[in-house]
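According to full-length UniProt numbering, the sequence shown holds residues 1 to 636 in order.
In case anyone wonders, no lab produced these hints; they're calculated from the structure. Note that beta-carbon positions come from the ideal geometry of N, C-alpha and C, so glycine has one too. Treat the hints loosely; a few may be bogus.
To be verified - Below are the EDC-like pairs computed for lysine to aspartate or glutamate, each with C-alpha atoms no more than 20 Å apart in a straight line:
| no. | residue 1 | residue 2 |
| --- | --- | --- |
| 1 | Lys519 | Glu569 |
| 2 | Lys519 | Glu455 |
| 3 | Lys519 | Asp486 |
Unchecked claim - Estimated spans, in silico, between C-beta atoms of each pair:
| no. | residue 1 | residue 2 | range |
| --- | --- | --- | --- |
| 4 | Arg34 | Asp96 | 54 to 62 Å |
| 5 | Gly342 | Pro483 | 27 to 35 Å |
| 6 | Thr275 | His544 | 36 to 44 Å |
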Amino acid sequence: MVERTLVELLGRRAAEAPGELAFGFLADGEADLRVLTRAELDAGARQVACALADRVAEGGRVILLYEPGLAFVTAFFGCLYAGVIAVPAYPPLQPDGRDRVAGVAADCGAEAVLTSGLLRETVAGVLPALPLMVTDALAGGGSWRDPGVGPETVAFLQYTSGSTAAPRGVVLTHANLLANQRAIGRALQVPEDAVVASWLPMYHDMGLIGTIMYPLHHGASCYLMSPLHFLQRPARWLELISNFGVSVSGGPNFAYDLCARRVTDDELASLDLTTWQVAFSGAEPIRAATVRRFTRRFAPCGLRPEALVGCYGLAEATLLVTGAGPKDREVLTADRATLEHGHLTAPARDAAPARDAAPARDAAPARDAAPARDAVPVRDAALARDAVLVREAAPVQDTEPVQGVVREAAPVQGVAPVREAGQGGEFAVASRDTTELVPSGRVAPGHELLIVDPETLTPRPDGHVGEIWVRGPSVAAGYWKRPSDDFQARLAGGDGPYLRTGDLGLLWDQRLYVTGRIKDLLIIRGRNIHPHDVEDVACVSGGHVRRGAGAAFALNEGVALVQETTADEAALAPLAGEIRTTVLRDLGVRLDAIYLVPKGTVPKTSSGKVRRTAARDAVLAGTVPVRFESREGRWT
1 MVERTLVELL GRRAAEAPGE LAFGFLADGE ADLRVLTRAE LDAGARQVAC ALADRVAEGG
61 RVILLYEPGL AFVTAFFGCL YAGVIAVPAY PPLQPDGRDR VAGVAADCGA EAVLTSGLLR
121 ETVAGVLPAL PLMVTDALAG GGSWRDPGVG PETVAFLQYT SGSTAAPRGV VLTHANLLAN
181 QRAIGRALQV PEDAVVASWL PMYHDMGLIG TIMYPLHHGA SCYLMSPLHF LQRPARWLEL
241 ISNFGVSVSG GPNFAYDLCA RRVTDDELAS LDLTTWQVAF SGAEPIRAAT VRRFTRRFAP
301 CGLRPEALVG CYGLAEATLL VTGAGPKDRE VLTADRATLE HGHLTAPARD AAPARDAAPA
361 RDAAPARDAA PARDAVPVRD AALARDAVLV REAAPVQDTE PVQGVVREAA PVQGVAPVRE
421 AGQGGEFAVA SRDTTELVPS GRVAPGHELL IVDPETLTPR PDGHVGEIWV RGPSVAAGYW
481 KRPSDDFQAR LAGGDGPYLR TGDLGLLWDQ RLYVTGRIKD LLIIRGRNIH PHDVEDVACV
541 SGGHVRRGAG AAFALNEGVA LVQETTADEA ALAPLAGEIR TTVLRDLGVR LDAIYLVPKG
601 TVPKTSSGKV RRTAARDAVL AGTVPVRFES REGRWT
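Make a model of the complete structure from these sequences and hints.
Right, dumping it as structure tokens:
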């Protein structure tokens with residue numbers, strides 16, 4: 001039986017195996033396990049639905065504001081059972097979070113808010129005009145009536161991170177959600193006895209769709225923990241995987257980097273990661289150096305190097321767009337200068353003949369299966385507020401993954417794949433004249449992906465950078481009450497519609513390599529410079545530079561960087577000089593201005609993504625306390 005809605009899916013799972021564990025939550029991040037069986041989740045959802053039926057009409061919007069825990073899961077499915085539109089949002093624990101929640105409530109026309117007893121007073125203070133329902137205090141309940149939810153019924157609004165524009169609510173139907181789950185399941189090919197684990201925030205798509213809906217759809221059990229507990233001690237995530245025999249878990253690049261840097265030898269000695277088949281990495285740029293560090297560090301724990309795989313997606317396409325399998329891990333090393341001009345070549349000394357690009361295949365019919373999505377950085381400071389990301393997904397199996405459609409492929413000469421060497425899964429390291437590109441995998445079955453010239457609206461050949469365009473059953477109809485041409489894009493020849501993602505990337509051998517965002521791209525003296533490259537290089541300049549807490553932006557005809565630091569006053573001038581020297585040496589980019597600012601002052605989204613335009617505006621307007629300013633020939 002193929003369910004048409006998530007309501008039908010949960011009902012069937014509860015009927016088939018009522019006592020099976022659906023979700024477990026480690027309340028303290030380590031030992032205090034709270035559990036929710038499938039039958040308990042179904043009963044709890046019905047109870048919430050009955051309470052909502054007396055307050056909100058079908059199709060009404062309901063804000064969900066919860067601390068990490070199982071109450072959110074029950075409330076979310078309760079909204080689906082009631083036929084109302086769930087609107088998950090970031091808990092309003094900080095001033096910026098309160099403003100965002102108020103903005104989301106106004107934008108969607110919320111009619112009620114669901115929360116916990118713990119957050120009741122806080123939520124009432126932020127949204128005083130909305131009826132408030134505390135779901136962990138519900139008593140009894142009437143007899144649930146199926147509201148007649150169908151495939152095209154709107155399930156929930158997934159608000160975007162707002163890194164380059166105001167947050168917008170992506171309208172996701174039951175059909176979108178189930179199509180994405182089926183596509184992901186075929187791409188990942190996870191076994192039926194899979195066990196999932198996650199520390200990702202449940203109110204973001206990677207957490208909600210990738211680790212709440214996915215195990216339910218695939219019939220798996222899922223163990224959860226708070227993002228804050230992960231951030232406080234990253235080894236807790238790996239201990240969760242080790243203790244419960246987890247086979248599927250993942251997060252953004254920074255999470256793997258954090259584990260490689262902060263898990264101690266004593267913590268590592270107790271880990272068994274042999275069951276971890278799929279370690280997906282997404283939601284922010286995937287770094288080859290991080291892949292090397294992580295796989296090398298945890299190889300003694302039984303981690304297989306092929307387990308760590310990249311993926312790409314976005315809220316507008318539900319979650320997953322591409323996902324990598326164990327045969328899709330080929331890191332490309334390319335000449336940095338030519339890549340900045342939009343195409344892929346290898347330095348002459350390393351040149352290797354390119355293989356012919358594989359022909360595009362017809363879209364495979366989606367069938368029942370399992371999960372995963374995407375991008376956008378989540379960093380330490382944001383996670384300290386229980387924040388996190390937007391993109392993701394990945395697989396494992398020796399079988400060749402089923403392909404979706406990849407349009408336009410022409411071979412490019414002189415590209416050198418960086419191949420794996422040795423059991424540790426290490427890769428060759430690119431030089432300062434080169435850059436490494438980690439694959440985000442192949443397009444999900446049943447979907448189509450193009451790389452398009454954003455000006456001429458014509459497809460680009462393999463190995464050439466362009467805008468990523470997508471179409472398929474996972475693509476949403478649009479934003480809530482905000483018409484957008486991005487969902488109705490057509491090629492110069494009229495073919496369409498496609499979703500214009502605003503992301504830049506290239507295809508090589510049917511694999512996607514994401515290079516950046518159009519709106520973030522810095523065009524300086526004819527060079528296309530990705531700000532995240534500048535920000536990443538600046539982070540290696542010293543121990544007092546905060547990772548994921550810098551923003552590069554265009555200033556006049558040059559490049560500027562605002563960077564958080566915890567360095568002492570006496571160390572600021574030398575640090576600025578080291579940053580300038582390192583960026584010039586490694587990227588050939590001269591920083592015209594460097595602004596060193598205190599911890600926690602660079603603006604970010606609720607998903608932890610740096611808001612570069614907001615950071616630029618704040619620095620130039622003087623609303624950020626600049627500890628040290630360095631310009632060419634001037635220090636203040």
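Hints not upheld, ascending by number: 1, 4
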